[in-house]
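Construct all of the structure, not just a fragment, from the sequences and the given hints.
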Amino acid sequence: MAEPLDDYIDAVSKALALPVEEAWRPAVRANLEVSLRLGRMVDEFALPDETEPAPIFTA
Amino acid sequence: MTSKPETTAAGIASAVAARKMSALDATETALARIKQHDGILNSFTDVTADRARAKARAIDADIAAGKEVGPLAGVPFAVKNLFDVADLPTRAGSKINRDLPPARRDAALIERMEAAGAVLVGALNMGEYAYDFTGENVHDGPSRNPHDTTRMTGGSSGGSGSAVGGALVPIALGSDTNGSIRVPSSFCGIFGLKPTYGRLSRARSFPFVASLDHLGPFARSATDLALAYDVMQGPDPEDSACTTRGLEPTLPLIANPVSDLRIAIAGGYFQKNVFPEAVEAVSRVARALGATQVVDVPEAARARAAAYVITTTEGASLHLDRLRKRPNDFDPAVRDRLIAGAMVPAPLVDRAQKFRRWYRAQLADIFKSVDVLLAPATPCTAPKLGQVNFNLDGVELPVRANIGIHTQPISFIGLPVVAVPVPLEPLPIGVQIIAAPWREDIALRVAYALEKMGVAAAPSPRGI
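Order-wise, the sequence lines are chains H and L.
Residue 1 is where the first sequence starts when you use full-length UniProt numbering, and the numbers rise one by one after that.
Residue 1 is where the second sequence starts when you use full-length UniProt numbering, and the numbers rise one by one after that.
Please keep in mind that the hints were generated in silico from the structure rather than gathered at the bench.
Watch out, some of these pointers could steer you wrong.
Between beta-carbon pairs, the in silico distance windows are [stated by the list, open to error]:
| id | chain 1 | residue 1 | chain 2 | residue 2 | range |
| --- | --- | --- | --- | --- | --- |
| 1 | H | 37 | L | 210 | 18 to 26 Å |
| 2 | H | 37 | L | 32 | 44 to 52 Å |
| 3 | H | 8 | L | 101 | 35 to 43 Å |
| 4 | L | 386 | H | 10 | 28 to 36 Å |
| 5 | L | 452 | H | 8 | 54 to 62 Å |
| 6 | L | 326 | H | 26 | 16 to 24 Å |
| 7 | L | 425 | H | 46 | 42 to 50 Å |
Straight line, CA to CA, 25 Å or less: simulated SDA-like cross-link-like pairs of lysine to any residue [as the list claims (entries may be wrong)]:
| id | chain 1 | residue 1 | chain 2 | residue 2 |
| --- | --- | --- | --- | --- |
| 8 | H | 14 | H | 3 |
| 9 | L | 325 | H | 7 |
| 10 | L | 368 | L | 248 |
| 11 | L | 95 | H | 13 |
| 12 | L | 272 | L | 293 |
| 13 | L | 325 | H | 8 |
| 14 | L | 354 | H | 52 |
In this text, a Cβ means the ideal position worked out from N, Cα and C, and glycines have one as well.
Following this line, the structure appears as structure tokens:
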């Protein structure tokens, strides 16, 4: 049975012309789940609209 | 037992300058140790013996002619194999890059080290494309911990940790994107400096995550770290992030007292997810420095999350074409993480970069009232090679992704850090001495004081 992220992986794989062989799919999915979980954690933090990113980061 | 004087860069340089030892003898000693021990440690991927002997002879000739020699005259050193070394392909731990033409010119930091009299003896093993905390490499085999060769060196600068921890060379250079200098320093029981972001030129080194990449030295003493760091400073228009600040030498300040410094322990996040040995190491360092104040670093877990997102996406962008054309030539673990990184939606990356500005402002506030923060460098001592999971605060977690949980929130905003080795039994472990931006001098001063107090020391290698 397809996992929830499989359709997304297929679509991005096609859009970026990035091969994902079936044997790699479980590991790619597991890594993507971690990245999305951590990304959501960042997303949940409210920032003012005026906040700017740092294109070239300087300490 | 700590390092013998002749195993330190300062000891060698002073003996060479005083004509008590030739640069060629110092070089031959390093080459002999590499030959004797590197079959086990697997820290070197290239030994540049002919080049090293030629350089050493030139230094000896200069000394014989009465010419001035640099502060690192005759000191052997080696570099992580993502630094360009003239006439070698810059493999960056990969199989793919071996097909590149040989580099035509040395990396900027190699040129600066050699201008000061140091002698390059080779290039060092590393995790593939620096996306690694273990020091394990599927193409070249793992670098091995000099205190127990069944254990990890940490990564990704694993060969740098192993070569200096094993006393094959007194100084090595490495890179640190999320902890790749501080983690091997911790596991291999040596001193490592991750300078302020932008402090040292990255020109002619293979990148990983442009907005997080730093280069820096490893050594067996704080003095040697400062010696190497000082000669590598200076602007470089060939690295767009490199500072235009002038030289700020640290060696003349290193023995200044630390009693006037406001030193605090990083609390909250940095006191969680640690094994008892990490708690013990931080506590020994804090006790020696008289530090009792605990400062909470707000949102450090989210900072680590943002660093993770930026790393995986910028890394994926760097390697996108190689992932399309040669996916089977990657370490599968690296490939699958990078492919996943390419699939992270762009708004999450943008928010991670914006959060970075916010988080930097919080730390800037903290550094108005303290000069130094203390934190663990790793949650534990070196795990076994191949170990997959460990138990952190009652939760079974993958080793590979979690070794750098205490280093990532610091490099995320480019703060300078010296990782100091605390020689616990049976294995050493590091503590991060974290300072405000551009205050490497303070972190090195504290590292030096801890060394003088006997709290920090690079133990002699026991595994070889």
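Hint by hint, here is what the structure shows:
Here the CB-CB span from residue 37 of chain H to residue 210 of chain L is close to 25 Å, well matched to the stated 18 to 26 Å. Separation of residue 37 of chain H from residue 32 of chain L is about 50 Å and conforms to the stated range, judged on CB atoms against 44 to 52 Å. A hinted range of 35 to 43 Å for the beta carbons of residue 8 of chain H and residue 101 of chain L is consistent with their spacing of about 39 Å. A C-beta distance of roughly 33 Å is found between residue 386 of chain L and residue 10 of chain H, which places it inside the suggested range of 28 to 36 Å.
One distance hint, 54 to 62 Å for the beta-carbon pair residue 452 of chain L and residue 8 of chain H, holds here, with the actual separation near 56 Å. Remark: the range hint 16 to 24 Å for residue 326 of chain L to residue 26 of chain H is upheld by a beta-carbon distance near 21 Å. Hint check: residue 425 of chain L to residue 46 of chain H, Cβ distance near 47 Å, so the stated range 42 to 50 Å holds. Proximity of residue 14 of chain H to residue 3 of chain H is assessed by CA-CA distance (about 18 Å); at most 25 Å being required, the pair is judged to hold.
Of the supplied pair hints, the one linking residue 325 of chain L and residue 7 of chain H holds, its CA atoms being roughly 23 Å apart against a limit of 25 Å. As the CA atoms of residue 368 of chain L and residue 248 of chain L are separated by approximately 21 Å, the hinted pair is consistent with the 25 Å bound. Restraint check: the Cα-Cα separation between residue 95 of chain L and residue 13 of chain H comes to about 24 Å, which is no more than 25 Å; the hinted pair holds. Taken as a hint, the residue 272 of chain L and residue 293 of chain L pair is honoured in the structure, with Cα atoms around 17 Å apart against an allowance of 25 Å.
This hinted pair checks out: residue 325 of chain L and residue 8 of chain H have alpha carbons roughly 22 Å apart, not beyond 25 Å. Simply put, residue 354 of chain L and residue 52 of chain H have alpha-carbon atoms about 6 Å apart, close enough for the 25 Å limit, and the pair holds.
The structure is consistent with each of the numbered hints, conforming to all of them.
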